[in-house]
Amino acid sequence: MLDTIKALVSYLLTNRDKLFAAGLDLYDLYTKVQAVIDQHRVPNDPEWDALDAQAKELQASVRDTSGDYKPGA
Amino acid sequence: MIRSTLSAIGALFLIAGCATVQQASQPVDMTALAQAAFVAKSTYIAAMVVEKQILDLERCDRNPKPPCVWQSTVDNMRKIELAADAATQSAENAVRSLGSDPALVAVLVAAATNAANGFKTYTAANKVK
Numbered sequence: 001m002l003d004t005i006k007a008l009v010s011y012l013l014t015n016r017d018k019l020f021a022a023g024l025d026l027y028d029l030y031t032k033v034q035a036v037i038d039q040h041r042v043p044n045d046p047e048w049d050a051l052d053a054q055a056k057e058l059q060a061s062v063r064d065t066s067g068d069y070k071p072g073a
Numbered sequence: 001m002i003r004s005t006l007s008a009i010g011a012l013f014l015i016a017g018c019a020t021v022q023q024a025s026q027p028v029d030m031t032a033l034a035q036a037a038f039v040a041k042s043t044y045i046a047a048m049v050v051e052k053q054i055l056d057l058e059r060c061d062r063n064p065k066p067p068c069v070w071q072s073t074v075d076n077m078r079k080i081e082l083a084a085d086a087a088t089q090s091a092e093n094a095v096r097s098l099g100s101d102p103a104l105v106a107v108l109v110a111a112a113t114n115a116a117n118g119f120k121t122y123t124a125a126n127k128v129k
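So the sequences go chain by chain: R and S. Note that my numbering has the first sequence beginning at 1, numbered continuously upward. Note that my numbering has the second sequence beginning at 1, numbered continuously upward.
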């Protein structure tokens, strides 16, 4: 699990400018994750709910097929 | 010879049984599982950000001038995203539910971690350079 966390942190720091440009504060996401790990505790409901809200917002965007190529269209 | 064969079979069952008892008696760290599920969901979200940037590209099928993305890549990426969503949501539901079977939670969290990492790898491989 530690490798997963390190990989995520590295990914976020490497792509920080691009990720900020995407309009989502992923540094906030990183700090939430790191806080839970550092404090050796279970994530609480507000933290989970915040992740769920971020996920829903992005899902609406990435599942939009209006820009897709449709043969014959 | 029959007696020695039966003894060998019996020994195998005994070893399997001991392994099962040992496995059942090993405590499951539910805090670590909850953290791992949280990390998996975060990884999934971070990968969606990259996916969004890829999806904003023109489709090569309409105009092959770079930067563009092929519709087939988009279709694959959406399938992987849906699978990662299902896996991370299952793990989240399991760790947030009181009374969940720890062994089942461990399996779901491992699946979520694999799915989220797979999604992250795919989007990283296809991201805008």
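Warning: the hint list may mix true and false statements.
Interface residues of chain S toward chain R, partial, derived using beta-carbon atoms under 10 Å [as the list claims (entries may be wrong)]: (1) Gln-35; (2) Met-48; (3) Lys-65; (4) Glu-81; (5) Thr-88; (6) Val-107.
No farther apart than 30 Å at their CA atoms in a straight line, the calculated lysine-lysine pairs in the DSSO-like style are these [what the hints assert, rightly or not]: (7) Lys-127(S) <-> Lys-70(R); (8) Lys-79(S) <-> Lys-127(S); (9) Lys-65(S) <-> Lys-127(S); (10) Lys-52(S) <-> Lys-56(R); (11) Lys-56(R) <-> Lys-127(S); (12) Lys-52(S) <-> Lys-70(R); (13) Lys-79(S) <-> Lys-56(R); (14) Lys-70(R) <-> Lys-79(S); (15) Lys-127(S) <-> Lys-32(R); (16) Lys-65(S) <-> Lys-32(R); (17) Lys-79(S) <-> Lys-32(R).
Simulated from the structure, these hints should not be mistaken for lab results. Note that CB positions come from ideal geometry on N, CA and C, so glycine has one too.
Verification of the supplied hints:
Interface restraint check: Gln-35(S) against chain R, minimum CB-CB distance 6 Å, threshold 10 Å, status holds. A cut of 10 Å between beta carbons decides the hint on Met-48(S): the least distance to chain R is about 4 Å, and the hint holds. Here the hint on Lys-65(S) is broken, as its CB sits about 14 Å from the closest CB of chain R, past 10 Å. At about 6 Å, the closest approach between the beta carbon of Glu-81(S) and any beta carbon in chain R falls short of 10 Å, and the interface hint on this residue holds.
Here the hint on Thr-88(S) is kept, as its CB sits about 8 Å from the closest CB of chain R, short of 10 Å. This hint is violated: Val-107(S) has a C-beta 15 Å from the nearest C-beta of chain R, more than the 10 Å allowed. Pair hint Lys-127(S) plus Lys-70(R) holds up; C-alpha atoms about 22 Å apart against a cutoff of 30 Å. Of the pairs offered as hints, the one joining Lys-79(S) and Lys-127(S) holds, with about 17 Å between alpha carbons and a cut-off of 30 Å not exceeded.
Note on Lys-65(S) and Lys-127(S): the hinted pairing holds, with a Cα-Cα distance of about 16 Å set against a maximum of 30 Å. With a C-alpha separation of about 13 Å, the suggested pair Lys-52(S) and Lys-56(R) falls inside the 30 Å cut-off, and the hint holds. Pair hint Lys-56(R) plus Lys-127(S) holds up; C-alpha atoms about 21 Å apart against a cutoff of 30 Å. Taking the CA atoms of Lys-52(S) and Lys-70(R), the gap is about 19 Å. The hint holds against a cut of 30 Å.
For the hint pairing Lys-79(S) with Lys-56(R), the CA-to-CA distance comes to about 17 Å; that is within 30 Å, so the pair holds. For the suggested pair Lys-70(R) and Lys-79(S), the alpha carbons sit about 17 Å apart, so the restraint of at most 30 Å is met. As the CA atoms of Lys-127(S) and Lys-32(R) are separated by approximately 25 Å, the hinted pair is consistent with the 30 Å bound. Between Lys-65(S) and Lys-32(R), the direct Cα distance comes to roughly 40 Å. Violation of the 30 Å bound is thereby established for this hinted pair.
Straight-line distance between C-alpha atoms of Lys-79(S) and Lys-32(R) comes to about 28 Å, which keeps the hinted pair within the 30 Å bound.
Of the numbered hints stated above, those contradicted by the structure are hints 3, 6 and 16, listed in ascending order.
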